[in-house]
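A.B. asks: So the chains spell out like this:
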Amino acid sequence: MTHQNDPDVRFLMGNEAIARGIVEAGCSVTAAYPGTPSSEVLESLVRWKKELKHPIYVEWSVNEKVAFEVAYGASLGGARAAAAMKMVGLNVASDPFLSAAYLGIRGGLVVVVADDPGPHSSQTEQDSRFFAWFAKVPVLDPGTPTEALEMTLKAFELSEKYQVPVLLRPCLRVCHARQNVSLNTPRPPASVGPFKKDWTRWAAIPKYRLTLHRELNEKLVKIEHEEPETRPILLNEGAGNTTALITSGSVSSHVRDIIASDTRLQGIDVYKVDLPFPAHRAALQQIVDEHERTLVLEETYPVLELQIKDRRKVIGRLSGDVPSQGELVPELVEEIILSTAGERPVQREAPAIKPRRPSLCPGCPHRPAFYMMRQVFDQAVYAGDIGCYTLGINMGAVDTCLCMGASIGMAGGLARAPLTEGKTRVVATIGDSTFYHAGVPALVNAVHTRARFVLIIMDNNITAMTGGQPTPAQDFLADGSPGKAVDMERLVRGCGVDFLELADPYDAKAMKETLERAKSHAFDDDQGVAVVIARRPCVRAPKIELPSDRFEVGDACDLCMSCIKDLECPAFRYVKSEKRMEIDADMCAGCGFCVQVCPSQAIKAKGA
Amino acid sequence: MVELVLCGRGGQGIVFLTRQIGQIIASKGLSVISSETHGMAVRGGSINSHLRVGEFFSPLIRSGHADFLISLDATETANNKHYLKPAGLIVENSTLQDETGTKRIAAASLARELGRVQLENVVLLGYAACVEGFPVTAEEIRAHLNKEPRESVRSLNLKALQAGIDAA
Chain A
1 MTHQNDPDVR FLMGNEAIAR GIVEAGCSVT AAYPGTPSSE VLESLVRWKK
51 ELKHPIYVEW SVNEKVAFEV AYGASLGGAR AAAAMKMVGL NVASDPFLSA
101 AYLGIRGGLV VVVADDPGPH SSQTEQDSRF FAWFAKVPVL DPGTPTEALE
151 MTLKAFELSE KYQVPVLLRP CLRVCHARQN VSLNTPRPPA SVGPFKKDWT
201 RWAAIPKYRL TLHRELNEKL VKIEHEEPET RPILLNEGAG NTTALITSGS
251 VSSHVRDIIA SDTRLQGIDV YKVDLPFPAH RAALQQIVDE HERTLVLEET
301 YPVLELQIKD RRKVIGRLSG DVPSQGELVP ELVEEIILST AGERPVQREA
351 PAIKPRRPSL CPGCPHRPAF YMMRQVFDQA VYAGDIGCYT LGINMGAVDT
401 CLCMGASIGM AGGLARAPLT EGKTRVVATI GDSTFYHAGV PALVNAVHTR
451 ARFVLIIMDN NITAMTGGQP TPAQDFLADG SPGKAVDMER LVRGCGVDFL
501 ELADPYDAKA MKETLERAKS HAFDDDQGVA VVIARRPCVR APKIELPSDR
551 FEVGDACDLC MSCIKDLECP AFRYVKSEKR MEIDADMCAG CGFCVQVCPS
601 QAIKAKGA
Chain B
609 MVELVLCGRG GQGIVFLTRQ IGQIIASKGL SVISSETHGM AVRGGSINSH
659 LRVGEFFSPL IRSGHADFLI SLDATETANN KHYLKPAGLI VENSTLQDET
709 GTKRIAAASL ARELGRVQLE NVVLLGYAAC VEGFPVTAEE IRAHLNKEPR
759 ESVRSLNLKA LQAGIDAA
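Those sequence lines, one after another, are chains A and B. For what it's worth, the numbering used here labels the leading residue of the first sequence as 1, then goes sequentially. For what it's worth, the numbering used here labels the leading residue of the second sequence as 609, then goes sequentially.
Derived from the structure by calculation, the hints contain no laboratory data. All C-beta atoms, glycine included, are put in the ideal place defined by N, C-alpha and C. Please note that a few of the clues may not be correct.
With the C-beta cut set under 7 Å, the calculated list includes, among others, these residues of chain B facing chain A [as the list claims (entries may be wrong)]: (1) G630; (2) Q631; (3) A634; (4) S642; (5) S643; (6) E644; (7) H646; (8) G647; (9) G653; (10) F664; (11) L668; (12) R670; (13) L704.
Covered stretches of chain A, as calculated for chain B (at least 3 residues, CB under 8 Å) [stated by the list, open to error]: (14) 176 to 188; (15) 343 to 351.
Using 30 Å as the maximum straight-line C-alpha spacing, the simulated BS3-like pairs for lysine-lysine come out as follows [to be verified]: (16) K354/A to K711/B; (17) K767/B to K606/A; (18) K222/A to K136/A; (19) K49/A to K636/B; (20) K49/A to K755/B; (21) K693/B to K354/A; (22) K755/B to K53/A; (23) K53/A to K636/B; (24) K755/B to K50/A.
Turn these sequences into a full structure, and let the hints steer you where they fit.
C.D. replies: Written out as C-alpha cells, the structure is:
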C-alpha cells in the first residue's frame, strides 16, 4: 500500500477522513455538537469546505438533538445530510433518532457517533452499535481512517437505498488515529428532489407507525441478506483451521497486526464484519459450527456475539473470557488470543505508571471563580457539570458530574432532600456552552419551582474542553459566516431569573461581593435561584493577549501551601531542598490572581 | 518498520510533532499510522502519541515494541518506558548527562534562549532526527517546516530545529 509521491494521499486523522467522505459523498447539510472523540469531524468539514470551495453547509448546533433534527430535516428536504456527535450525544439525540428510523428518510442520512472505550474522555463506555440495534438502524464499524472514509461513502449509499438513517460508529482509536489516506474527487451535492408532503409518513399518527415499524423490520431483513458488508470476511488464507476469530471495528486492527506478527497464531481463521448490525446471522453461525472454538473480539458490548444463536463454542464477553469493561488495548487482545490458541502468554512486567492529573490551565478564569466560591460558600454541596470546569474537583469545588446540564436539575433535587431541607446550601456550576446545550430548560424548571440554590455560569465565551468551538453567544458560525449572537443575560432573564449579576473572576473583590449578594438572595432571603455569570475569555481562545506580568514569591511566604492546595495553580512549585515556593515563569499566564489572595501577601511583581 | 512513542505533558506540542513526522513519511509514499491524545488529558495531564511506519493497521504500539521513546518531560519517561524494546533508545528533554540507552538534550533551555520555551518540541525533534535509525532526517524536517506560510512561525521553528541539530 505505497503511494509514491501521490498528491492525493494525505496523513489524515480518522475524523478528517470521515469529513472527507461526507464531502465526497455529495452531502450538503451537516450539523454537530462538539465532544471528544468526535469534534474534529465538523472542524475538518469546515477545512474541506474552504479547501475545495465546496458549498456544503456546516453548523455547530446548540446540542446533539438539534443537530440530528437539522440533518433529518435536510434529508426530508431532499439533500444528503450528516450529523456528528460523541456517544453520550446520541443519548441526547435518541428521541428523534429512534423515531426517524420508523419514518425513514429521503436524502441519504448518516449519523457519525464516536465511541470512547476506556473511557478516556467520557462518562460511559456505551457501544453505539448496540444503540443502533435498539433503534433498528444499520451500523458500520470502521477499523482505520482509510476504512472510515470508505464506509462513510457506503453509509450514504445504504441510507438512500433502504431509506433508513445509517450510523457510522468509529471508536477513539479510529477518530484520533492518523494514516496515509487516498482522496477521491467529491461528487456534486446530491438531491432527490424537494420535500414531498405525505403526512401518513412524515407526521404519522400511531396507527401508521405500526405500518412503518413493519416496513423498518422488512428493510433490516433485506439488508441482512443482501448486503455483503453484513457477512464476516475471511482476512487470512487460513481456512480449515480449528480456531476462528470474529472481529469488527478498531479492535480488528489490533487483531490483524498481532496475528501477522506471531507465527504461532497463523492457524486461526480471522473474520471481520464491517456492518455488525444487522449482521448476517446464518453466516456467523456457520463459522461457529465449522470450528472447534470461535473467539469474538469487539468494542465494547457483545453485539456480534449476541447475534450468534448457538454460543456453546463461542469465547467472548458472554462466556466471561473477554472483560466486560475497559478498552481492548493491543496487549490485552494479544493475551486473549494467545490463551484461546493455547499458547503461553507474553511475560510483561506491569508498568509502574503514575499519570499526571489534568488541571485547569494557568490563568484559566475558572480557577479564581472556584477559589472565591469556596471562600464564600465553604462547605456547600457543589453540583458540577461537563467541561473543563469539571476539573474544579481538584479544588473541592465540584462534588457531582452526571451529564450535560445536570448541575442545574440536580441542584433542584439536592436542595430538596428532606433530611437536609433548609440546611444544605447547594451551589451549581455550568459552562456557557453547556448552559446553552441543556441548562436552559433546567433553569426554567428551577425558577418556576422556586428552587433554592446559587448558579454560577462559568462563561469563557467558548467550548473550551473540546478545542475551542464557538457557542451561540458568538455572531459567527462554524465556517466564520455571519450568525446572530444569542445574548446570555437576556436568555437568563428570559428564564424568569430575578437575581442576575456579572463578575470578572480575575477581580477577587468584585467576585466575592457578587457571590455574597447571590448567597443572601438564595439562602438568607429565600428568594429563589440566584445566577452569577463569571465572565472572562478562555486563555486558550484565539487572539487572546495574555498579560506579560510575571510574579515571584517573596520572604513573607510562610509556606502555608494555599497556592497549591486551594488555588491549585500549576505554575507554583515547592522546592523541597530549599524549603521555598517558586513560580514557574514558563507556565505562569500573568493573571495576578495569586497576588490578590495569597494569605501572607507574599507574592509581588517580579523584580519589584 | 519503525515504531516510536512520543510523550510529555499536555500543552508541550506532542501532537504537533507526531503530525509533522507522519506527514513527512506519508509524503514519501510510505505507510504510516499514528494515534494522538485529545480531550481532558491535554489540560496539563500525561500525553503520549504512537507512530508506526510500515504495514500496520492498529495505531497503537504494544509494550516492548517501540524503537524510540521521544520524551519532552523527564517525569513522563517513566510512564512510557515499558513501550521500548530492550534495545530501544530514549531521547529526552533533560539537563542531565547521556547514559546507556538514553540520549539527552536540554531542549527547554535552548528554546528559552530562542525566546519561547514552547519551541522545546521542535528543538528535541531536530536532535532526535540526527539519531541513527530515526524515521525522518533533519533535511526532510527542514524542507517540511519551510512550507509553513506564516513567516514568524516558520523562522522560529527553523531556528529551533537548527538548535537541536547543532546540539547533536
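A.B. asks: Each hint needs a verdict: does it hold in this structure or not?
C.D. replies: Structure-based check of each hint:
Restraint check, G630/B versus chain A: the minimum CB separation of about 5 Å is within 7 Å; hint holds. A least Cβ separation of about 5 Å between Q631/B and chain A falls short of the 7 Å threshold, and the interface hint therefore holds. A cut of 7 Å between beta carbons decides the hint on A634/B: the least distance to chain A is about 4 Å, and the hint holds. Interface hint at S642/B: satisfied, since its Cβ lies 5 Å from the closest Cβ of chain A, which is below the 7 Å cut-off.
Hint status for S643/B relative to chain A: holds, with the closest Cβ pair at about 5 Å, below 7 Å. Given hint, E644/B at the interface with chain A, holds; its Cβ is 5 Å from that chain's nearest Cβ, closer than 7 Å. The restraint placing H646/B at the interface with chain A holds, with a minimum CB-CB distance near 5 Å, inside the 7 Å limit. Against a cut-off of 7 Å between C-beta atoms, the interface hint on G647/B holds, since the closest Cβ of chain A lies about 3 Å away.
Here the hint on G653/B is kept, as its CB sits about 4 Å from the closest CB of chain A, short of 7 Å. About 5 Å separates the beta-carbon of F664/B from the nearest beta-carbon of chain A, less than 7 Å, and the hint is met. For L668/B, the shortest C-beta to C-beta distance to chain A is roughly 5 Å, which falls under 7 Å, so the interface hint holds. Below 7 Å, beta-carbon pairs count as interface contacts, and R670/B has one with chain A at about 5 Å; its hint therefore holds.
At about 16 Å, the closest approach between the beta carbon of L704/B and any beta carbon in chain A exceeds 7 Å, and the interface hint on this residue is violated. Coverage of the segment 176 to 188 of chain A by chain B holds [criterion: at least 3 residues with CB-CB distance below 8 Å; count 5]. For a cut-off of 8 Å, the count of residues in the segment 343 to 351 of chain A with a CB near a CB of chain B stands at 4, and the three-residue condition holds. Taking the CA atoms of K354/A and K711/B, the gap is about 23 Å. The hint holds against a cut of 30 Å.
Restraint check for K767/B and K606/A: the C-alpha separation of about 29 Å stays at or below 30 Å, so the hint holds. For the proposed pair K222/A and K136/A, the alpha carbon gap of about 13 Å is at most 30 Å, so the pair holds. With a CA separation close to 26 Å, the supplied pair K49/A and K636/B stays within the 30 Å bound. The straight-line distance between the Cα atoms of K49/A and K755/B is roughly 22 Å, inside the 30 Å bound, and the hint therefore holds.
Taking the CA atoms of K693/B and K354/A, the gap is near 21 Å; set against the 30 Å cutoff, the hint holds. A threshold of 30 Å between alpha carbons decides the hint, and for K755/B with K53/A the separation of about 22 Å falls inside it, so the pair holds. Proximity of K53/A to K636/B is assessed by CA-CA distance (about 27 Å); at most 30 Å being required, the pair is judged to hold. Note on K755/B and K50/A: the hinted pairing holds, with a Cα-Cα distance of about 19 Å set against a maximum of 30 Å.
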